[in-house]
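J.: Residues per chain, in single letters:
Number of protein chains: 2
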Amino acid sequence: MINHFCKKPLWECSQTLAAVAQGRQPADLVIKGAKLVNVCTAEIQEDIDIAIAEGRIAYIGSADHCIGEATEVIDAQGSYVSPAFLDGHIHVESSMMGAGEYARAVIPHGTAGIYWDPHEICNVLGLEGVKVMMEDAARTPLKAMVTTPSCVPAVPGFEDTGSFVGPAEVAESMTWDGVVGLGEMMNFVGVVNGTDHAHGELAETLKADKVITGHYSIPETDRGLNSYIASGVRCCHESTRAEDVLAKIRLGQYAQLRYGSAWHDLPVLAKAITERKVDTRFVNLISDDTHPHTLVKDGHLDHVLRVAVECGIDVIQAIQMLTINVATCFRMDNELGSITPGKCADIVFLDGLDTLNVTRTIIDGTVVAQDGKPLFDYEPFKFPEWVTHSVHLGRQITPESFAVPAPDGAKDSVKVRTIEIIPGKVGTFETHVGLPIVDGKLESDLSQDVLKTFVFERHHETGTFGVGFSKGFGIKCGAMASTVAHDAHNLLVVGTNDEDMALAANTLAECGGGMVVVAKGEVLGLVELPIAGLMNDLNAQEMSEKVHALENTWEKIGCTMPSPFMTMALIPLACLPELRLTNRGLVDCTTFQFVDLEV
Amino acid sequence: MINHFCKKPLWECSQTLAAVAQGRQPADLVIKGAKLVNVCTAEIQEDIDIAIAEGRIAYIGSADHCIGEATEVIDAQGSYVSPAFLDGHIHVESSMMGAGEYARAVIPHGTAGIYWDPHEICNVLGLEGVKVMMEDAARTPLKAMVTTPSCVPAVPGFEDTGSFVGPAEVAESMTWDGVVGLGEMMNFVGVVNGTDHAHGELAETLKADKVITGHYSIPETDRGLNSYIASGVRCCHESTRAEDVLAKIRLGQYAQLRYGSAWHDLPVLAKAITERKVDTRFVNLISDDTHPHTLVKDGHLDHVLRVAVECGIDVIQAIQMLTINVATCFRMDNELGSITPGKCADIVFLDGLDTLNVTRTIIDGTVVAQDGKPLFDYEPFKFPEWVTHSVHLGRQITPESFAVPAPDGAKDSVKVRTIEIIPGKVGTFETHVGLPIVDGKLESDLSQDVLKTFVFERHHETGTFGVGFSKGFGIKCGAMASTVAHDAHNLLVVGTNDEDMALAANTLAECGGGMVVVAKGEVLGLVELPIAGLMNDLNAQEMSEKVHALENTWEKIGCTMPSPFMTMALIPLACLPELRLTNRGLVDCTTFQFVDLEV
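Sequences listed follow chains A and B, in order. Under numbering that gives the first Met the number 0, think of the first position of the first sequence as 0, with each following residue one higher. Under numbering that gives the first Met the number 0, think of the first position of the second sequence as 0, with each following residue one higher.
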């Protein structure tokens with residue numbers, strides 16, 4: 000497909016590049032004396048100059064003849080230069096920042112391009128919301144290449160989202176310059192079962208000659224995986240075992256080894272290639288999600304690269320997995336992913352192949368970050384009002400809203416289904432607990448660590464809500480609420496008492512969404528996320544501090560698990576086992592049926 | 000780009016493939032128990048079944064569940080299966096056969112696809128002629144993917160061809176389904192010098208999102224090569240030294256190592272990868288030209304593969320160079336070049352990895368050749384009359400036509416420039432020879448092995464012709480003529496006396512073109528090539544016998560060099576050094592100037 004992420008298309012500047020290479024015209028920029036990480040031949044070449052014009056590489060060799068009066072010259076002695084990094088699968092919203100601030104956070108870590116699936120905002124605000132994020136991203140040097148969210152809602156029929164994506168919406172989005180493919184096809188059940196909906200979306204992507212990205216998350220590598228790949232899904236980031244990786248690359252699917260803030264699959268997956276001799280061209284390294292504190296503390300793909308090398312992957316091969324292999328996956332290797340003539344001049348400087356610290360990032364021939372700081376101007380993006388006011392409950396929430404009447408005929412106690420969370424994991428257990436009836440109602444029971452849990456539809460003022468109980472947070476008082484509540488991002492409230500739950504819910508309703516902890520009528524901590532109820536326009540450092548402060552308030556009310564909001568935010572995610580709660584009710588996610596609260 | 004070379008686009012059959020992989024629907028064909036050459040991971044996998052439906056691969060593993068009553072089952076026990084071969088650069092016309100018979104000749108040798116540059120016929124009959132060849136090819140299973148001839152004429156201003164290609168013609172052809180790129184950009188001088196003509200053609204190809212193929216034939220790998228690659232040329236088959244190959248792949252250009260009938264570069268080039276450890280993903284193996292006797296005696300890409308292995312290239316890497324690496328070069332690896340789900344079922348059976356004999360070829364899921372024989376029906380193509388009558392001299396040729404008056408003022412003898420051929424090489428020398436004046440004219444001089452040489456324009460009846468002398472054929476009597484005369488394919492006549500030269504010329508004019516040897520008023524040998532004066536509709540065996548018989552007649556008149564017609568056919572090729580003769584006159588091909596016969 001035509002690459003729209005460049006300063007100029009090659010056909011508009013090929014004559015200039017030819018002239019610069021020949022020395023008839025000066026380069027805009029020359030990098031002198033670098034150690035080149037050649038991802039084409041998997042070699043290090045010593046003492047290499049790189050001449051750049053029109054945002055593209057014109058010449059590689061000894062480039063004194065390309066230097067004119069106006070040419071900027073960078074001495075790269077002692078540095079390694081590598082193609083800048085490409086993230087083959089990422090959700091910007093996980094950073095809780097808009098795409099602009101996200102770009103400012105990742106570019107200093109060497110990221111030039113992301114293949115992002117904006118499915119969080121799409122669930123809330125549809126493709127119009129995606130467009131707004133794309134506009135924000137386009138104001139930065141980051142090549143923010145969109146894969147259209149394919150599964151909105153994630154589990155049709157079991158939840159209400161703000162929007163809907165089907166084949167027609169996919170077809171429409173494929174005409175946009177910034178769209179390069181289809182976002183993770185989580186509906187692998189629909190694909191292998193051959194539904195018109197899933198295959199209709201695949202078809203519209205294939206007709207547009209773009210790339211289908213995958214999400215095949217089950218440990219089945221035979222008929223199901225073959226079926227999924229035969230349907231045209233070119234890559235998948237959902238491997239959890241080394242054998243998943245091996246099966247995928249053998250079947251010609253790009254295996255995207257994940258090392259994100261939440262999911263650390265890489266060390267296990269790396270064994271697929273470190274414990275046997277295989278061609279690694281079908282392997283990518285990706286992040287999937289990166290939270291602000293990870294960006295501030297560890298970095299982005301540079302961090303993933305360091306982890307990959309620690310896992311025993313050859314450093315040049317690992318760099319290939321972040322550069323040329325990603326570009327080839329997306330069939331854009333004619334434009335991106337290598338430092339070779341004609342390609343976009345997207346380059347990172349590394350201080351060494353042992354340390355792998357990024358000291359400079361160049362995108363389209365411009366130095367856009369140095370020594371950890373972005374160098375490009377960025378005025379805060381003005382999000383439209385409909386983006387920053389996305390909480391539409393259509394009702395007043397009061398303490399009475401959280402009353403849970405005991406089932407008819409129940410006497411002293413009721414045995415209920417609870418969603419038992421597992422710290423640090425995405426799964427839940429369905430656990431049955433006896434709850435006492437108090438004044439004809441069911442209440443949270445701190446002695447059993449069981450909390451009332453509500454999900455209110457917040458997109459279309461339907462007034463619908465789901466009621467359940469969750470278990471395992473360990474809190475002793477207060478309540479929490481969040482509008483980050485995957486994937487429909489309705490308003491999720493968990494708490495010990497109705498007054499605090501109402502306060503938590505109303506606090507978020509008033510500020511346009513976010514994450515809040517309250518206790519005894521007081522707001523202890525609040526991260527406002529007014530952009531679709533998912534993001535803020537603060538920078539990574541500020542967001543990291545805010546999230547950290549909020550997590551401290553969890554501790555105050557008794558919860559000691561790591562990143563509890565992340566675990567809580569998955570309570571409504573009805574595509575994962577075992578028991579979940581959406582705005583339509585409790586869902587048994589092993590049989591995909593609604594179930595009653597009472598066992 | 001969208002692949003039009005398949006039974007059905009994937010978006011029309013993804014549901015069927017998913018169903019077959021899952022066992023809900025039977026496969027059309029199942030291959031059982033093969034040793035799979037996995038070009039994705041560079042492994043051999045033992046005892047693999049492959050299920051095929053709708054011409055595509057649906058499933059790989061243990062495929063009993065895909066077998067229904069109507070499923071064809073092939074037992075592959077003992078065989079290796081590999082993706083079928085792709086030739087990244089080939090001129091069908093070199094085979095002297097139409098594309099249909101060419102397909103019948105190469106498919107039994109495992110070739111499923113060719114990226115062909117039909118620039119011979121285009122020089123004669125323009126893009127309309129290309130279209131006719133494409134129609135012929137389309138009647139066979141061969142994926143005959145066209146790269147539009149870029150250099151017609153090869154050296155503008157120095158010869159008259161039947162046609163012309165510029166940016167507008169390239170743009171028009173890019174809308175054709177069968178066109179996947181631009182043919183070899185021989186005008187590397189124009190590219191590095193930035194001419195509008197050359198860059199205009201590159202631009203039209205890039206705008207159409209298709210691939211530019213190259214021809215960079217000088218031993219310069221610095222500024223010129225960088226300039227050429229920066230202009231967007233993705234591959235090049237014109238390496239003659241190992242260092243050329245290394246330079247190209249380091250600069251991200253696909254190096255296509257050639258082993259054709261005429262040019263045997265591979266053994267030298269292979270050292271670029273056998274004598275050092277480099278990633279070989281940017282290496283292809285190609286044939287460029289394959290004459291009928293090579294096809295009959297040695298094979299096509301299977302022969303190149305065997306030579307590559309003899310040269311020390313790892314056999315799996317060599318197979319990658321004929322399959323996935325070629326498909327990736329043309330950005331069609333999502334459709335071709337590997338045996339993986341969803342891809343076109345283009346498969347060869349090999350009897351062993353040591354012998355590498357092709358025993359069966361499958362294209363789009365159908366067995367199209369077995370044990371060296373094509374299995375598909377092919378009715379001889381009916382070429383239109385304007386294709387089979389392409390010799391338009393516009394004049395009667397008589398012995399008097401070959402009179403060469405001595406220059407004014409010359410007395411006993413004249414020192415003339417002669418084109419000295421070099422047996423087995425493409426180059427010539429400019430050699431100065433004194434010729435006696437006989438009756439005021441210059442004649443061939445057998446004592447110095449110098450022969451009169453004429454090139455008559457034969458496309459537009461302009462009546463123009465060039466006069467010169469060539470040296471080195473060794474013949475003692477008679478004359479030869481050919482309408483295969485690169486690249487303009489005018490009528491070339493070389494001989495010892497005017498009567499035989501006239502007979503040779505008129506014999507070809509009457510039969511619509513070809514190659515002829517005459518002596519003493521008698522036609523000793525004739526290969527009729529009525530299709531554009533370049534090809535015949537006979538099959539490879541018949542053509543091989545005819546060419547062999549003709550070569551024997553060369554011996555009869557005294558020439559002992561191998562394939563003398565090939566060497567003779569390059570006399571007019573004004574893009575190669577040193578001295579050449581076109582219909583416009585003698586060309587010094589080192590300075591690109593017309594020169595006089597007399598020194």
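In case anyone wonders, no lab produced these hints; they're calculated from the structure. Please note: incorrect hints may appear among the correct ones.
Treat identical chains as interchangeable: a pair holds within one or across any two.
Calculated lysine-lysine pairs in the DSBU-like style (CA-CA distance at most 30 Å, straight line) [to be verified]: (1) K31 with K276; (2) K372 with K296; (3) K276 with K381; (4) K270 with K34; (5) K7 with K206; (6) K276 with K34; (7) K270 with K130; (8) K440 with K410; (9) K130 with K206; (10) K206 with K6; (11) K296 with K410.
J.: Now look at each hint and say whether the structure bears it out.
T.: Structure-based check of all given hints:
1. K31 with K276: between (36 Å within a copy, 26 Å between copies)
2. K372 with K296: within (14 Å within a copy, 65 Å between copies)
3. K276 with K381: neither (51 Å within a copy, 53 Å between copies)
4. K270 with K34: So K270 and K34 pass the 30 Å test inside a copy (29 Å) and across (24 Å) alike.
5. K7 with K206: both (26 Å within a copy, 12 Å between copies)
6. K276 with K34: Both: 27 Å inside a chain and 18 Å across chains, each within 30 Å.
7. K270 with K130: Intra 39 Å, inter 52 Å, cutoff 30 Å: neither.
8. K440 with K410: For K440 and K410, the Cα distance is within 30 Å only inside one copy (10 Å; across copies 128 Å).
9. K130 with K206: both (22 Å within a copy, 25 Å between copies)
10. K206 with K6: Close inside one copy (27 Å) and across copies (15 Å); limit 30 Å.
11. K296 with K410: neither (53 Å within a copy, 93 Å between copies)
Taken one by one, the earlier hints fail for this structure at numbers 3, 7, 11, listed in ascending order.
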